[in-house]
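Asker: Next come the chains, spelled out residue by residue.
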Amino acid sequence: MDWKRFGFIALVVIVLFSAVVMIGQVKQPPLLIVTSMLATTIAVATPLTLGALSGVYCERAGVVNIGIEGMMLSSAFFGWLGSIYMFHIFKMSAGLSIALGVFFAILTGLLMALLHAVLSITFKVDQIIGGTVINILAVGLTGFLNRQLFFGKESVFGGSVPSSPGVLPTIHIPLTEIVGPICGASASCLENLTAINRVFDQKPIAMGAVLLVFFSHFLLFNTRWGLRTRAVGEHPKAADTVGISVTKMRYANVLIGGMFAGLAGAYFTIESVPSFEPLLTNGRGFISLAAMIFGNWTPIGAWAAALVFGASQAMLINMQIFRDVIPPQWAFLQESYIVGLTPYILTMFILTGIIGRTTPPAADGVPYEK
Amino acid sequence: MNENIVLEAKGITKQFPGVLANDNVNFDLRKGEIHALLGENGAGKSTLMNLIYGLHHPDNGEIFVNGKPVAIHSPNDSIAAGIGMVHQHFMLIPVFTVAENVMLGDEVTKRGSLDRATVAAKINDISRQYGLDVAPNAIVGELPVGIQQRVEIVKTLYRNAEIVILDEPTAVLTPQEAEDLFRIMRDLTARGVSIIFITHKLKEVLAVSDRITVMRAGRVINTVNPGETNEAELANMMVGRQVILTVDKKDREAEGEVLNVEELSVRDQRDLETVHNVSFSVRGGEVLGIAGVQGNGQTELSEALTGLRHPTHGKVVFDGKDVTGKPPRVMTETGLAHIPEDRQRHGLVLAYTVADNMALCDYYRFPFSQRGVLQPKALDEHARQLINAFDVRTPSPFVSAGKLSGGNQQKVIVARELSRAVKLVIANQPTRGLDVGSIEYIHNEIIKMRDRGVAVLLISAELDEIMALSDRIAVMYRGEIVAVVDAKQTTREQLGLWMAGAHAETAQ
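Chains A and B supply the protein sequences, listed in that same order.
Using our numbering, read the first sequence as starting at 1 and increasing by one per residue.
Using our numbering, read the second sequence as starting at 1 and increasing by one per residue.
These aren't lab readings, by the way, just hints derived from the structure by calculation.
Bear in mind that the values here come from a model prediction, so they are computed numbers and not experimental data.
Glycine is no exception: its CB is placed at the ideal position from the N, C-alpha and C atoms.
Among the clues, some could well be false.
[Said to hold, decoys possible] Label pairs and their calculated CB-CB ranges: (1) B:V108 x A:V366: 25 to 31 Å; (2) A:K4 x B:R186: 44 to 50 Å; (3) A:M22 x B:D268: 44 to 50 Å; (4) B:N137 x A:D2: 17 to 23 Å; (5) B:R371 x A:I345: 47 to 53 Å.
Hey, can you work out the whole structure from these sequences and the hints?
Answerer: In structure tokens, the structure reads:
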């Protein structure tokens, strides 16, 4: 990850934030706008961050995974379905049902990844085809089960979608409480502190994703596991000759990647909105792959890229708040499709390599033959 | 059993589909000796070493280390038994540092995180002890090939190897780097390390080894002492018949200029300029040899001259016409024969039949094609003629080219290219990986072309080949021609210095 790329990311984020601040400052103080936008950015970037991490684990070990979209979609569905089942059929408490929902989502990601691993590592199927299989399977399976379970006359839940046990709660980080005393009697200081505190008050998956970024970065570049993972992705034969099992390393990393994609799926239906609709991931799995590439296959780089996409979505959301104060010449910004295009346009820019070339692991996508 | 024997392989047999790669092979290695294993490609040397190193498993036979039988199922077992191997194609990860490459698989960690400092200190120790001069924090991909090889040696010593297998270690080195390697090998044996040295180069074997074992077709032919043999005898053992090692070449006056290259610059696919400002000319009836270590711009130069790559600057005049940047077909029709570097990727369509491959240059012309339809009879007849004339060993013209041996594949290319009326031959590594018999044949064909008045540009990393065939020799280093000399007025040592980057004051 080079400075040119971080610079580009910073520039885009600053432009997006400035646009909102310029419009909204008549209504709210800039600090409040920036912190609330930052909070939204981190939250909505969560599935992209986790999806990109999923890709980093797989591809660093030499397995291309374009099935992240499908893994996310199926995890979102089965995680949500699991929480409803636990709540309504097994009569568990809402909290336990939600927690088990997250578990089922991760398990689904793991099983989908197992399918990908068996196809691409054991049977050496073309990895793009393996990933496509997963994407198609996920769309068909979730769409079919969604209809059969909830909308059929004879369906388990009698033709209607039951209420879900809810979503994961926001965790409050007591920043204001701890640092507050230094403000003394200054009310504005305390106000600012409360505003800044909002950035840190996130839901568990969003918070976990940020921690996992730094954990993964350390794991990949500073531990034995990481060294071996990168070795099998760069030059599997070299790893083999020093006694490292290429098959085992690749399986393990693809499965870990699948669990990350599963957690990303859980974000949609268990942390964000407690409902499912067919195709709800809406291409976010593919955008995470773009973030992974833009981040040059490093966790921190991929996170930075995911934040750009998050920022453009956050801009869209925040624009709604200031809809009444938007000057006429900026009116086009509230058209959701214009701002909504930003992530896709950015993806295209990133993939064309305009902002510098990225180098994938040398053996990425190549099955290992002894 | 002899106390001094550190490694012994007894009755090793290994069958691969279609080939008996090792047939009841016996081999032993004494403490502190350099034991050369000599043989042609496919003789079974690498198979034997891969069995000892645990990359493959023998069907039959036993391996003893220090007199005790050992079961080697994977490289882990052989590493544990004190065996290390430096592979012909380096097993190094270019984006890793030296320390990361060395420790891979045997990492030192401190509270879960890699302890790079301890490993670096150990590498510095080994490096000092054996005069290897390797910097632990350098990125391996940025190091010259000779140093990368030392990293491989450090890798084995880091694992406390007492037996080191070197598989064709000099293939990628300049003569000076090879001398350095031999010095390191002697240092290692002086400290009790035993070395198996795999090669097919006769001179090196005689220069450096204590004993020589020759293999042919999966069997051990003989084990001899270097003092009691000579190159010719070793070559006979390798090939199984009399071999003429020198090429018979008469003096000949060169004719008019056929190819003239002026200030040519070429970029490779990564957009790096790998050929800078190169100028030279080749006349009819002479062989201009381009010597140089692999990767100094030879590939891009030959691609630019044959129309496969656009030069970024400069001019190429062929037979009086400016052909700069012209496509391959124009070059072919002007009278170019091209024997490409990678015969399987650029020389042949492996899935096509021998007959089709032999017509790749003229398939669209009469008599092979009439009104846009291929004429199988003409193709067949043409192929049969060439198969006879160039002694291609193939069951029929309709066998796919991929089924032939390397030597016969190269003969198909040579037949196709040299049977046409050509004025210029560009041969890039024409004998790489071939057996001695095929090398002999192709060398003679090249000299025949020269004697007929054709201009020949021979690009090769094998200095012996360059010296044997060329009338003039140009040396390429980092994309530039650093010297052009008369082949009779230079020496291996001088060429080696130029290949390593020493500049010539008197380029003629």
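Asker: The structure should be examined with respect to each hint, and the outcome stated for every one.
Answerer: We went through each hint and held it up to the structure:
For the hinted restraint 25 to 31 Å between V108 of chain B and V366 of chain A, the CB-CB distance of approximately 30 Å keeps it satisfied. Judged by the Cβ atoms, the range 44 to 50 Å given for K4 of chain A and R186 of chain B holds: they are separated by roughly 49 Å. Under the hint 44 to 50 Å, the C-beta atoms of M22 of chain A and D268 of chain B, about 48 Å apart, fit the expected range. Here the CB-CB span from N137 of chain B to D2 of chain A is close to 20 Å, well matched to the stated 17 to 23 Å.
One distance hint, 47 to 53 Å for the beta-carbon pair R371 of chain B and I345 of chain A, holds here, with the actual separation near 52 Å.
Checked against the numbered hints listed earlier, the structure breaks none of them; every hint is satisfied.
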